[in-house]
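Colleague: Heads up: the sequence shown runs through residues 1 to 125, numbered per UniProt numbering.
Simulated from the structure, these hints should not be mistaken for lab results.
Please note that a few of the clues may not be correct.
Derived pair list, reagent style DMTMM-like, types lysine to aspartate or glutamate, alpha-carbon separation capped at 25 Å [stated by the list, open to error]:
{"id": "1", "residue 1": "K67", "residue 2": "E55"}
{"id": "2", "residue 1": "K67", "residue 2": "E57"}
{"id": "3", "residue 1": "K67", "residue 2": "E12"}
{"id": "4", "residue 1": "K67", "residue 2": "E109"}
{"id": "5", "residue 1": "K67", "residue 2": "D21"}
{"id": "6", "residue 1": "K67", "residue 2": "D28"}
{"id": "7", "residue 1": "K67", "residue 2": "E15"}
{"id": "8", "residue 1": "K67", "residue 2": "D77"}
{"id": "9", "residue 1": "K67", "residue 2": "E54"}
{"id": "10", "residue 1": "K67", "residue 2": "D47"}
{"id": "11", "residue 1": "K67", "residue 2": "E121"}
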Amino acid sequence: MGAMTCPFCTPEPSEVVLANDLCYARYDRYPVNPGHLLIIPFRHVADFFDATAEEQEALLALVREAKAHLDREFSPDGYNLGVNVGEAAGQTVMHLHIHLIPRYRGDIENPRGGVRGVIPEKRVY
1 MGAMTCPFCT
11 PEPSEVVLAN
21 DLCYARYDRY
31 PVNPGHLLII
41 PFRHVADFFD
51 ATAEEQEALL
61 ALVREAKAHL
71 DREFSPDGYN
81 LGVNVGEAAG
91 QTVMHLHIHL
101 IPRYRGDIEN
111 PRGGVRGVIP
121 EKRVY
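All chains should be built: construct the whole structure from the sequences, respecting the hints.
Modeller: This is the structure:
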C-alpha cells in the first residue's frame, strides 16, 4: 500500500490528537470502546519490527502520553495495548499502528485473560 492509498500516511490535522516528531495519535474510526486510540508513525512502515529503534521509542513515548490523555478525558478502569503484525495476526492496514484501547468495568462479562482472548477457543481459564 503506497502513500497515495494508505489511510495513515497523510493524517488530517483535525484527526491528530497528540503527536511528536516521529508519530501521531488519532481516535480509531471503528472504536472497540470509547477513547480507542491509534498510535501511528508518520513514516510508512509495515510493522513494529520494521520500525527503527527511534520510531519504536517515539511510539512508546506517545503511548504513555496517550494514556494520560485518556485518563483525563475518559477515566477508564484499564487498558489493552496491541499491535497486529501480519495478515495472520489480523493486520488489515499494512502501516504500523498501535491500538490503545480503554477498558471499562462491565464492558464484557469476563475480561480475564485480556489479549489472550484473540483466539477465543484457546482462552482457557
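Colleague: State the violated hints by number, sorted upward, taking the hints as numbered earlier in the document.
Modeller: Going through the list in order, the structure violates hint 11 alone and respects the others.
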